[in-house]
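K.L.:
What follows is each chain in one-letter form.
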Amino acid sequence: MKRKTLRLYLVLISLALLGTATMLVLNAFDREIVFFFSPSEIAAERPVPGRVIRLGGLVETGSVKKLDDGATVSFKVTDLKAATEIAYRGVLPDLFREGQGVVVEGAFNDSGNFVASQVLAKHDENYLPPEVAKALKASGRWQEGAGTEATPAAMPANSSATSGASQ
Amino acid sequence: MHRFANPGRFLRLANRIQPWLKALTVLGFIIGLYLALWGSPPDYQQGETVRIMYVHVPAAWMALFAYLLVGLASASSLIWRHPLADVAAEAMSPVGAAFTLIALITGSLWGKPMWGTYWVWDARLTSFLLLFFLYLGHMALLGAFDDRARGQRSAAVLAIVGLVNLPVIKFSVDWWNTLHQPASIVRMGGISIDSSMQWPLFAMAITFHLFMLAAVIERMRTLLLEARLRNQRLAAFERVGTQARASE
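Sequence order for the protein chains is S and H.
Our numbering numbers the first residue of the first sequence as 251 and each following residue consecutively.
Our numbering numbers the first residue of the second sequence as 528 and each following residue consecutively.
Chain H with its partners taken away, still in its complex shape:
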């Protein structure tokens, strides 16, 4: 882990893989969207509306995955003081929040024609909304202190506390009766999605992973360069200060 602790080394590596990652993401979206919109059949009950699944489900997975990563990065920042962990957590939480919002909006648009309502307060939907607020809280805490390190500390604690919500989201549909249906992929008894719909879904899921990775690396790169800029400005100020004192 500490091999990439050096921001300079991380930046060099990021610069090298980023073009490939972006190209793969574009390719993935072309293939995935083609399969999702044209290359897959309508559902026996839901008809064409089922195509919302190809965005909704991967977005929801990414929302959970990104939060898990924010939590792990926060833990490694608190425990091992890994120098890149805070940058990673800060880079990831807006990306995760965006995926959460996408999942909430597409789910709502899917709910209206299928369930007959945009929103209900069942356990799955409520716990997922809580995830969105956790992301917002994490982002707000990061900027809430003049001392950046203090903000990172408190945000890391919040992120770790919020990890408790992840199993609640995942198993909410099994623990309580909800309007949301139980899991179709990660469940006992195998996948309950026909293979003609499962592969387009997986293609979209892989693409969403690539997209998230590219977005997070891009943000980490920006945050690191910003930090470098801040340090340089600070150094410049100090230089001017000492020169001014010397000329007096």
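Pulled out of the complex, with its shape left as it was, chain S reads as follows:
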């Protein structure tokens, strides 16, 4: 074997090994790398009160209320299977609305309510001029908050992971 070919194989094999090692490491850290949990995951495994976590999903339609103190907003974050009630005092991002994907950071308090310290809006991968979005909605080919696709942008990774695996 020529030295060039040998070096080529050496580089390719090292890259393959390195790639495999990286994949194994990333797989092992899967739960740590995830940016947010879904309401279903929270429902299945309730985190201890006071532990700061991030929760992601869609703002449930019709769930946004202003509480009596005038500053606290309460809403539900849903993944269409389970929903978690959130209380938040502070400025909401511009994109915050019912049906929109959001990520909230906060913790459960001792009485079991989720108190958010930060609310982040997620936007989806669809870019449209307002007129086109309106026309799509008028023709019924549009689901609010779900984009033009069946899977909303802020759905938990499981759904996109399965679609990723089928690619």
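Note that these hints are calculated values from the structure, not bench results.
When the alpha-carbon atoms are kept at most 27 Å apart in a straight line, the in silico DSS-like pairs for lysine-lysine are as follows:
id, chain 1, residue 1, chain 2, residue 2
1, S, K315, H, K639
2, S, K331, S, K316
3, S, K387, S, K315
4, H, K639, H, K697
5, H, K639, S, K316
6, S, K315, S, K331
Given the coordinates of chain S, assemble chain H onto it according to the supplied hints.
P.N.:
Leaving out everything else, chain H in the frame of chain S:
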């Protein structure tokens, strides 16, 4: 590949195409920026803020593309000892680092009004920051040794190792849930950007490619001329040395 291995031939070719490339880049920016700032509609959700996309997305693509090229150049330097490969890698990494920084900054400025934060440690943003550090490491290693060849060797190894990060960046939004939204262009199920925004984006992307090519060729030209200068100085020193010895 080895046709252009001769630096002299490369320099002649570069001198010939460089003016055209620069002119095309300027023209591309005029057309692309016009389309991005005036010739495209606001987004139904983001409004005018969506125009950040026309800089952010091409810059991020270029950051990834440039790193891929640095990696390939490094591999061909290590495997085939291609004489121009080290020059290409050295020329490309600051350009790629600049695009990475542009993507990080514009993304941060976009994140504040849309997400409500300048920065989060989600998988996409973190892996992209890692890309920036890989570029910095590559540049630092190149200059870290007195023996330039040793620096090029170690930098090439780092660049190849860092290639692993590229698929992680690309698929981070699919593998894990992130604050960053999934891909809009290169994805299953077709493009999810309306054509009235897609063409301005493509115009900007083509312009960014031209710009990167022009910048890299310019830097390669400079690096080659610097090398030539170094060799000439060295030769001059040696001449003076032999003359001095001869006159003693």
